[in-house]
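Asks: Sequence lines, in order, name chains A and B.
The first sequence begins at 1 in our numbering and counts up one residue at a time.
The second sequence begins at 1 in our numbering and counts up one residue at a time.
Source of the hints: derived by calculation from the structure; they are not laboratory data.
We put the beta carbon where it would ideally sit given N, CA and C, even for glycine.
Just so you know, not all the hints are guaranteed correct.
[Stated by the list, open to error] Taking CB as the label site, the calculated pair distances span:
id, chain 1, residue 1, chain 2, residue 2, range
1, A, F28, B, T4, 35 to 41 Å
2, A, Y157, B, P2, 43 to 49 Å
3, A, Y157, B, L97, 16 to 22 Å
4, A, M74, B, L94, 18 to 24 Å
5, A, R160, B, T4, 26 to 32 Å
6, B, D92, A, L143, 33 to 39 Å
7, B, T4, A, G130, 17 to 23 Å
8, A, P51, B, L94, 40 to 46 Å
[To be verified] Below, a sample of chain B positions facing chain A; criterion: calculated Cβ distance under 10 Å:
id, residue
9, V8
10, L9
11, A15
12, L18
13, F19
14, V28
15, I43
16, A46
17, G57
18, L58
19, I67
20, A70
21, F83
22, A91
23, L96
24, R98
Here is how the chains run, residue by residue.
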Amino acid sequence: MAETVGFWIVAVVLLASSLAVVLTPNLFHAVLFLAAVLVATGVVFLLLEAPFLFGVQLLLYAGGVVTILVFAIMLTERLVGQRIVQASRFVVNGALVATAVFVGIVGFLVRRPGDALRLPAVGDSTAAVGAALVGPFAVPFELLGVLLVAALLGAIYFARTED
Amino acid sequence: MPLTAYLVLAALVFAIGLFGVLTRRNAVGILLGIELMLNAVNINLAAFARFHADVVGLVFALFTIAITVAEVGLGLAIVIVIFRVRRTIDADHLTLLRG
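With these hints in hand, go ahead and build the complete structure from the sequences.
Replies: Written out as structure tokens, the structure is:
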């Protein structure tokens with residue numbers, strides 16, 4: 001029961017913030033609404049009994065990604081010397097394509113045989129995730145480290161000054 | 001709530017993000033739309049992991065989050081470099097590669 005009420009509240013917050021992200025003319029406000037979307041997504045993870053994912057979501061997304069997005073906007077906005085208020089284009093076409101994709105996904109969902117039952121929890125999912133990361137997923141996990149180093153080096157390469 | 005409720009919620013967020021990618025003029029705005037779409041996928045992964053009592057979905061969601069962070073870092077670095085060179089991040093004016 002509590003899960004149902006929580007789901008509807010989070011769903012409304014998530015959808016309203018998502019619409020605000022794509023519709024608000026001020027880009028800085030869009031980033032703030034994106035932070036709300038990311039936190040609401042974290043609460044959805046909590047409803048799905050994945051507290052570790054909730055922590056990662058808050059630390060990496062709401063903490064890290066939003067911060068560097070704000071930095072990027074501040075840098076470009078200050079250099080332009082005008083407020084980043086931007087109009088949208090192709091609104092009707094974009095809405096048509098997005099609606100078509102949504103209808104396609106939902107059409108696929110309703111043709112799915114039966115709704116999956118919520119199986120009893122497997123105990124503490126955090127411990128299971130940790131065991132999986134160093135067990136069957138050890139090699140992808142290490143490759144992820146390589147990817148992060150490569151991304152870091154690439155960002156430094158782009159951001160360096162010419163001399 | 002049934003699994004379908006979570007999947008429809010994720011589909012809605014995905015469609016909204018797609019709308020943002022298609023309609024935003026600003027390159028940072030397009031990146032915001034991509035963020036929304038990636039988040040919708042994470043909701044799907046976590047929902048399937050819970051309803052099938054399988055931890056692999058959570059591991060996949062973790063990988064997605066890490067890769068997304070790398071993507072955002074590089075994407076914003078590219079945006080700033082483009083701004084330095086072209087003095088604009090309006091996607092309509094970035095036509096250097098147009099044939």
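Asks: The structure should be examined with respect to each hint, and the outcome stated for every one.
Replies: The hints, checked one at a time:
1. For F28/A and T4/B, the Cβ-Cβ distance of about 36 Å falls inside the hinted range of 35 to 41 Å, so the restraint holds.
2. Range check, Y157/A to P2/B: Cβ separation about 48 Å, and the 43 to 49 Å hint holds.
3. Our hint of 16 to 22 Å for Y157/A and L97/B holds, since their Cβ atoms are close to 20 Å apart.
4. Hint check: M74/A to L94/B, Cβ distance near 21 Å, so the stated range 18 to 24 Å holds.
5. One distance hint, 26 to 32 Å for the beta-carbon pair R160/A and T4/B, is violated here, with the actual separation near 49 Å.
6. Separated by about 37 Å at the C-beta atoms, D92/B and L143/A satisfy the suggested range of 33 to 39 Å.
7. Between T4/B and G130/A the Cβ separation comes to about 30 Å, which falls outside the hinted range of 17 to 23 Å.
8. With their beta carbons about 42 Å apart, P51/A and L94/B fall inside the hinted range of 40 to 46 Å.
9. Here the hint on V8/B is kept, as its CB sits about 6 Å from the closest CB of chain A, short of 10 Å.
10. Below 10 Å, beta-carbon pairs count as interface contacts, and L9/B has one with chain A at about 5 Å; its hint therefore holds.
11. Annotation: A15/B was flagged as interfacial toward chain A, and the flag holds, the nearest CB pair being 4 Å apart, inside 10 Å.
12. Because the beta carbon of L18/B sits about 5 Å from the nearest beta carbon in chain A, less than 10 Å, this interface hint is met.
13. For F19/B, the shortest C-beta to C-beta distance to chain A is roughly 4 Å, which falls under 10 Å, so the interface hint holds.
14. Below 10 Å, beta-carbon pairs count as interface contacts, and V28/B has one with chain A at about 6 Å; its hint therefore holds.
15. A distance limit of 10 Å between C-beta atoms decides the matter here; for I43/B the minimum to chain A is near 6 Å, and the interface restraint holds.
16. Nearest Cβ of chain A to the Cβ of A46/B: about 5 Å, under the 10 Å cut. The hint holds.
17. Satisfaction of the interface hint for G57/B is found here, the shortest Cβ-Cβ separation to chain A being roughly 9 Å, below the 10 Å cut-off.
18. With its C-beta approaching chain A no nearer than about 5 Å, L58/B sits inside the 10 Å limit, and its interface hint holds.
19. At its closest, the beta carbon of I67/B sits 7 Å from a beta carbon of chain A; the interface hint therefore holds under the 10 Å criterion.
20. This hint holds: A70/B has a C-beta 4 Å from the nearest C-beta of chain A, less than the 10 Å allowed.
21. Using the Cβ-Cβ criterion of 10 Å, the hint placing F83/B at the interface with chain A is satisfied: the shortest such distance is roughly 5 Å.
22. With a least beta-carbon distance of about 9 Å to chain A, the hint placing A91/B at the interface is held under the 10 Å criterion.
23. With a cut of 10 Å, the hint placing L96/B at the interface with chain A is violated, because the nearest CB-to-CB distance is about 16 Å.
24. Violation of the interface hint for R98/B is found here, the shortest Cβ-Cβ separation to chain A being roughly 16 Å, above the 10 Å cut-off.
The structure is inconsistent with the numbered hints 5, 7, 23 and 24, although it conforms to all the rest.
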